[in-house]
Amino acid sequence: MLNQVQLIGRIQEVYRKENDELYLVLAVERSFKDYEGKFLTDYLTCKVWKAVVDIYQNICKQGQLVSLSGRLESLDGKKIDIECTYVDFLK
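In our numbering, the protein residues as written are 562 to 652.
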């Protein structure tokens with residue numbers, strides 16, 4: 562079994578929750594157009610892996626183009642989270 566996610570997009574928001582976890586909201590453009598001929602954008606919330614929170618908290622800025630690697634997790638069987646284990650800055 563393999564549980565791996567690769568995303569490339571722009572950071573829209575960076576925030577922390579009360580449990581000291583860092584979250585990135587990533588805008589990812591779809592690779593196909595809708596019926597009006599426009600590319601739609603998905604906004605995905607990604608939880609940053611705990612070991613690198615302090616590193617990325619100060620360098621993740623809104624609008625930066627990044628590549629995220631991670632995995633999907635669903636602990637309750639309903640809500641799917643993206644846990645990021647690696648963030649690479651492209652520009």
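Treat the hints as calculated values from the structure; they're not laboratory data. None of the values given here were measured: they were computed from a predicted structure. Even for Gly, the Cβ is constructed at its ideal location relative to N, Cα and C. Mixed in with the good hints, there may be bad ones.
Derived Cβ-Cβ restraints for the label pairs, each shown as a range [unchecked claim]:
| id | residue 1 | residue 2 | range |
| --- | --- | --- | --- |
| 1 | D637 | G598 | 37 to 45 angstroms |
| 2 | Y596 | N564 | 28 to 36 angstroms |
| 3 | N619 | G598 | 38 to 46 angstroms |
SDA-like, lysine to any residue: derived pairs with alpha carbons at most 25 angstroms apart [claimed, not checked]:
| id | residue 1 | residue 2 |
| --- | --- | --- |
| 4 | K622 | Y596 |
| 5 | K622 | L563 |
| 6 | K622 | D637 |
| 7 | K622 | Y576 |
| 8 | K594 | I569 |
| 9 | K578 | T606 |
| 10 | K640 | E590 |
| 11 | K640 | G598 |
| 12 | K640 | K599 |
Results of checking the hints against the structure:
A hinted range of 37 to 45 angstroms for the beta carbons of D637 and G598 is consistent with their spacing of about 38 angstroms. The hint said 28 to 36 angstroms for the Cβ distance between Y596 and N564, and at roughly 33 angstroms that hint holds. Range check, N619 to G598: about 40 angstroms between beta-carbon atoms, so the 38 to 46 angstroms window is met. Only pairs whose Cα atoms come within 25 angstroms are accepted, and K622 paired with Y596 is rejected, the gap being roughly 33 angstroms.
The suggested pairing of K622 with L563 is violated, with an alpha-carbon distance near 30 angstroms, which exceeds 25 angstroms. Between K622 and D637, the direct Cα distance comes to roughly 31 angstroms. Violation of the 25 angstroms bound is thereby established for this hinted pair. Of the pairs offered as hints, the one joining K622 and Y576 holds, with about 11 angstroms between alpha carbons and a cut-off of 25 angstroms not exceeded. Pair hint K594 plus I569 holds up; C-alpha atoms about 18 angstroms apart against a cutoff of 25 angstroms.
Of the pairs offered as hints, the one joining K578 and T606 holds, with about 13 angstroms between alpha carbons and a cut-off of 25 angstroms not exceeded. For a cut-off of 25 angstroms, the pair hint linking K640 to E590 stands: about 22 angstroms separates their Cα positions. A threshold of 25 angstroms between alpha carbons decides the hint, and for K640 with G598 the separation of about 31 angstroms lies outside it, so the pair is violated. Annotation: proposed proximity of K640 to K599 is violated, straight-line Cα distance about 28 angstroms (limit 25 angstroms).
When held up to the earlier numbered hints, the structure conflicts with 4, 5, 6, 11, 12 and fits the remainder.
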